[in-house]
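Protein chains: 2
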Amino acid sequence: MVKFEGYEFTDGGVCAAKGFKASGVIAGIKAGNTTKRDLALISCDVRCKAAALFTTNKVKGAPIIVSREHLEDGFAQAVIVNSGNANTCNANGIEIAEQMCALAAEELGIAPEDILVGSTGVIGQKLSIEPIKAVMPALLSGLSEKNSSLACEAIMTTDTRKKELAVEFEIDGKKCHLGGISKGSGMINPNMATMLAFITTDVAINGELLEKALRKVNSLTYNMVSVDGDTSTNDTLFLMSSGLAENSEIICEDKNYEIFENALYAVMMNLARETARDGEGATKLIECVVEGAKTEEIAKTVAKSVISSSLVKAALFAADANWGRILCAIGYADADFDIEKVSVDLASTKGTIPVCRNGAGVDFSEETAKEILSEEEIKILVDLHDGNESAIAWGCDLTFDYVKINAEYRT
Amino acid sequence: MVKFEGYEFTDGGVCAAKGFKASGVIAGIKAGNTTKRDLALISCDVRCKAAALFTTNKVKGAPIIVSREHLEDGFAQAVIVNSGNANTCNANGIEIAEQMCALAAEELGIAPEDILVGSTGVIGQKLSIEPIKAVMPALLSGLSEKNSSLACEAIMTTDTRKKELAVEFEIDGKKCHLGGISKGSGMINPNMATMLAFITTDVAINGELLEKALRKVNSLTYNMVSVDGDTSTNDTLFLMSSGLAENSEIICEDKNYEIFENALYAVMMNLARETARDGEGATKLIECVVEGAKTEEIAKTVAKSVISSSLVKAALFAADANWGRILCAIGYADADFDIEKVSVDLASTKGTIPVCRNGAGVDFSEETAKEILSEEEIKILVDLHDGNESAIAWGCDLTFDYVKINAEYRT
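Protein chains in written order, with the numbering used here: chain A, 8 to 418; chain B, 8 to 418.
Treat the hints as calculated values from the structure; they're not laboratory data. Please note that a few of the clues may not be correct.
[Claimed, not checked] Computed cross-link-like contacts, EDC-like style, restricted to lysine to aspartate or glutamate with a CA-CA straight-line distance of at most 16 Å:
no.: 1; chain 1: A; residue 1: K377; chain 2: B; residue 2: E137
no.: 2; chain 1: B; residue 1: K357; chain 2: B; residue 2: D390
no.: 3; chain 1: A; residue 1: K133; chain 2: B; residue 2: D370
no.: 4; chain 1: B; residue 1: K411; chain 2: A; residue 2: D408
no.: 5; chain 1: A; residue 1: K301; chain 2: A; residue 2: D341
no.: 6; chain 1: B; residue 1: K37; chain 2: B; residue 2: E105
no.: 7; chain 1: B; residue 1: K411; chain 2: A; residue 2: D327
no.: 8; chain 1: B; residue 1: K219; chain 2: B; residue 2: E177
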């Protein structure tokens, strides 16, 4: 977990912010599932200002169509999400997504238009409303400030770790909170949005700024993660603010906005990073830091090219300092820089080793390199020596288990 | 092998065209190699008109720099190539590449500027000239019209099959020939150029048209192949014409030019297709045919997106008709079309099965789908129902062996 000064990491996940409760139950949505929670509900005591980002894939899950409509007024009060079925490319998908909202609305006694909905799992298989309907009372009665982790479990598919996090900080002398849960392990190459992530806060902030912060922080966090280069059809990121922290509402980009934005970065960056670490079949987190770029865009493009390369990923699985593949991936990045100025170092908690200077190899100890690369978190440090902008991207290694998981996922 | 009317496939590979000879020997370039041919020479009796395309990667192998210089006058007479070391990102790489040309020139009694050079293998390890120097006499004495396959063997790295092909056809009542050899199995995502491919012909054709045909056919063949999305630093494609077929020189885009261009397509398309089939660790060739596009560019983008998807590739390894992943990859392709008009069929010699109509799933027999997908050549047929343009792309499945090969390649 990357620390941020002035922000205390705290428990509670998506329920850390005042007013939010969560629940997660077993509905048996995927045939044969009787043991894994697969239906989650996040609900707030009050109507929230809400912002969202969705996949840029032309194929969009039905829940995205419905949520976007429900968000038109900028408000929402609850989110219902299932795993085990993406409710995408189904003839009656929109109808089912609307029924999910209606069921939750009825139980909560609020308007269906204040419910957002998400689904994740296999694409193109019909989703039946029956198992969801059957467990609605249990889902509602499970709602509690203590149940963030049950909701987090319920949205997992091939994930092996829960991604759940919250921070506490101060605005106007008031204790504020921002936290979230997130899922995603395969089909991860978010583009202007993300897999599924639900972030809540009690900070009072105006709707436009809420969305602005979400867009900016997303572009630096989830959008900088890739597991397999496949941009999902269901990427969804919701941010809801209850305003119950009682700070005076943030209405311009002042110091308080900056505190809020940093809190959002602290949570989303760590959740995104955990998503990379938990990439399907992964044994290592790969973090590529690109510095010395002429523009931030160039730094982002190069960083993402490196962590997306199948050959770099496979080499790191073997803890092999095959820096030629890293330079190759830097070289085919569609960005402007001089390859003959580029330097590359490899690093982990075991130390740092230079492998390339001015675009050419330097002598290094293979033994030391192996020791560094055998750790579970690897840093690839690239300096373009061409300016002052930087970026970070997160990925994972490519392993036998990635193939195993994806050759067996559906059948 | 895809057949073309009026073009007879014939033996001889890169030596099928009049005037060309080839040779391949064991130089022991990679430490420990004493059994695999790793140095090739292709030589012509006369100076040839020549055209080339090289990688768009900013990191370029030293042989590319040297060959480009030697090709400035549009002529070449021989090509020397080694495998086992890419001679890339080495401080003295250009010097070594020039020495390779000088050694071959001396033995052949021609100018070093008429020699082209190529290297393939590990990036960033120094290439010693000594083992090459030691076998030059043997390399020269091996030159023969019968030795295309020895040269083909000498340029292989992780390739498991030789890619070697030639066609015979008529222009002006004269028998003409066009053939080539090609290598490439990993780091395959050619962009404006290709892995290593050497094409020869005896057709008399002017230099500009030679290059024009090469560019066009390359954009439809090698550029439509991807094994792993990694664009190599050493992609090189040479086309040499001896003019010894004695047809009257082709000087405009007439009927004879068309015959020549089609011959070039027949050879390059089949070589490119074989490259996809022999992708690292592959068990299946995947061919994605996109029709009904508004522009050829759209069709190309969609076809390439589908064959590049890790998730589609892993599903096909398991013969799993997970068409949702195909639709997902179509959906994130950066191209203009209406996803709700898209249809997808899966096909092989065992039959054809519709899996998606109007962007949504249709019922199909999983058993029949499994049977179709268990073949070694799979076709994914996409119709965008949005125009008359089409394109084909070639890829392969993603397997345990891909990871194995690339986690073990260097060390």
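Verification of the supplied hints:
1. A:K377 / B:E137: violated, 30 Å
2. B:K357 / B:D390: With Cα atoms ~21 Å apart, B:K357 and B:D390 exceed 16 Å; violated.
3. A:K133 / B:D370: With a Cα-Cα distance of about 11 Å, the restraint between A:K133 and B:D370 holds, given a limit of 16 Å.
4. B:K411 / A:D408: holds, 11 Å
5. A:K301 / A:D341: holds, 14 Å
6. B:K37 / B:E105: violated, 20 Å
7. B:K411 / A:D327: holds, 13 Å
8. B:K219 / B:E177: violated, 21 Å
The structure fails hints 1, 2, 6, 8 (numbered hints given earlier, in ascending order).
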